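**Student:** Chain residues, written in single-letter form:
There are 2 protein chains.
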Amino acid sequence: MTTNSVQVIAQQSRAASRQLASASESARNRALAKMAEALESVRQQVLEVNAQEIVKARDEGQSEAMVKRLTIDDKTFDYMLSRLKKVAQLPDPLNRILTGHTNPAGLRVYKKSVPLGVIGIIYESRPNVTTDAAGVCIKSGNAVILRGGSEAIQTNAILTDAMIAGALAAGLPEHAIQIIRTPGHEVVGELLKMDEYIDVLIPRGGKGLIKRIAEGTRIPVIKHYDGICHLYLAADADPEQAVALAVNSKCQSVQVCNALETLLVDSACAAQLLPLLHTAFAENRIELRGCEQTQKLLPGVVPATEEDWHSEYLAPILSVKVVDGIQQAIDHINHYGSGHTDGIVTQSLSLARQFEEQVDSASVMINASTRLSGGGDYGLGSVVGISTDKLHVRGPVGPDELTTYKWVAYGDGHLRG
Amino acid sequence: MTTNSVQVIAQQSRAASRQLASASESARNRALAKMAEALESVRQQVLEVNAQEIVKARDEGQSEAMVKRLTIDDKTFDYMLSRLKKVAQLPDPLNRILTGHTNPAGLRVYKKSVPLGVIGIIYESRPNVTTDAAGVCIKSGNAVILRGGSEAIQTNAILTDAMIAGALAAGLPEHAIQIIRTPGHEVVGELLKMDEYIDVLIPRGGKGLIKRIAEGTRIPVIKHYDGICHLYLAADADPEQAVALAVNSKCQSVQVCNALETLLVDSACAAQLLPLLHTAFAENRIELRGCEQTQKLLPGVVPATEEDWHSEYLAPILSVKVVDGIQQAIDHINHYGSGHTDGIVTQSLSLARQFEEQVDSASVMINASTRLSGGGDYGLGSVVGISTDKLHVRGPVGPDELTTYKWVAYGDGHLRG
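Chains as they are written, first to last, in the numbering used here: chain F, 1 to 417; chain Z, 1 to 417.
Just so you know, these hints were derived from the structure itself, not from any lab. Owing to the predicted nature of the structure, the values given are computational and were not obtained by experimental measurement. Careful: at least some of the hints might be erroneous.
Note: identical chains are not told apart, hence a pair may lie in one copy or across any two.
Unchecked claim - Under the rule of at most 27 Å between Cα atoms (straight-line distance), these lysine-lysine pairs were calculated in the BS3-like manner:
#  : residue 1 : residue 2
1  : K85       : K111
2  : K34       : K86
3  : K207      : K193
4  : K296      : K207
5  : K193      : K75
6  : K68       : K86
7  : K207      : K56
8  : K56       : K75
9  : K223      : K112
10 : K86       : K193
11 : K193      : K223
12 : K75       : K85
Can you make the complete structure from the sequences, with help from the hints?
**Tutor:** Set out below in structure tokens:
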């Protein structure tokens, strides 16, 4: 694929985005329904092609974790369709009047949500991103350019073709959804140059991918870096709840961004809680790495180094630190954390309030598992990523977050004096 | 000033921002009042030092336009104080519950506005930015690092010292407001490296300054590029209103970002309107540069080149193009415009609606001067800049736009299943 053809795709998306900006809510929701129907009609084909790509991935010696991410079975397929249907049911993110004002001269001014325009999604392996991303983008009136991993290129192509047909059947422009079908890094390099036509890029994958993209383009990038998540067990934490929350936060799934990486235990309850935690984590085969205090209370625990406090393990390892009071916990989180998801276990409203106010993170959990942070439990229906940025969008990226706004002023010949 | 001292300032601001995040609305508003009081008490000193800096600027051969921007007289000073008082009266941008949801398991989730953290403002000459920026940042609970032009360094220092004293008297942290007092480019270079401590940079000045900063840092930058503003006179435009709006949009002030640069006249009314416009602009000493059609209707008008359609003149020059209908006008604007401010003059609600929907600009004006786009007439009280970005903030940057949000989830031992 030449520069020229990537540019053509980008220009076509820009043109489609102009038309999409006026597409009604019912047209966009009808498109989502038609996309789900069209996908259902290619279900067998998708499963077969996906099975071939899985064989190929195994032949090429890909890891089982990677093969698992690549796999679509009937259940995954049902889930993909259900997400499209769910996003269709969400309130319209567009044309919401966000604020308004009549100036002293009678000029009517309002601020109205509108699509961002053209969104590029660059992702690895998981083919469900193809349908999730297209769904969220169409819901929010954006044209989308998909660029999935080469190991899923055939699966993604069938999924996309079906969605394009569905969107067309509902009267949306032909190029509302596009996918780049050529493998290789070069074509991604070309895409990064399209700042004239693409409004935002969302990379989904490892830190390396995100960094490469963010540093290689002038297009704004919504970034998803580390999730170094903390849970602070306050002095008054209910022991049973504290252990259950710590275990669920760490063990429910260890390879995900909202899994617990560092447990902070108040010195006032450390002697009571640490042995309980030690047993519970041992049962779940989690390696603990402790500060000096932790080592004293749990002899034999691996010592934690400075590096541990900075680590997103994404593995069955947990660093544990004893802290003197909530302020030390908050300071540790703001210093070592990544601003993704951090929680407290306490019965005290004032501690909860202080934690909520002072922890500078996208998600603050009070007596709830860190694993509950995300679009699903926040009621966003479907998301296209999670942002660790502070500007524009923080946390889950759903349809609302793929909008910008315009100011509209209605006058009757109003001049500036 | 060494790297070390810029770093110390940045770290102090970060620490102050942690405290500011919990400062109450009344504490922040009291600080704004105390800042205005403290400024009043140094009024004479400010005027004297400013007068000395004006003499110096003239001695160094600075342009009169630059000297004008640098000048503070009693009236400017009153205006600066009035803006601080106005921003104090605005609704609190913080702790607003933006959306909320209870999940099926009873987890309470809400999205709450919070300060961005530390904001760096890099600006040229105008000392009123010093007080405007500090006011908007304190209102929104952000720590601010100011870096003004070297020609106003003494004036800015006195203004800042007074504001720091005022903020301190209201109980805000000592480093909530800081200014970098060392002249030279080097120190700005150091500031750009402080991505660990600074959340966003807002450059205010020429395109060169903004580009240099945006390309030289990993800190997110709120950018204010071109204002290539258009006014489209539709076929049914009231002739008198059309001429008045075109003249006001262009002539009320030619050197500003929301001044008109290109006038689009519908072919259906061009023969009637162009002669009227020609006379009106001639009276205002505006040079017209016309398309072929315009040249036919107004013999002797300078021909417009392709470059003219891309130009932000900021000067008494106006490009004029005859277009066949609203779609051609919209396409021209979306192609050549800069997405800043674009307007239509029409009596038709359906044309107005189409223009509002399809013009991809921060501000869309219906029967109103392009000069009315901005924080003042939009009811924002005081702004720290205007954004031509689409992400995070589009158009005027007021206190609301200097916030981000966090998700807060209150549970009672809620786990992920």
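**Student:** Of all the hints given earlier, name the ones this structure violates by number, lowest first.
**Tutor:** 4, 5, 10
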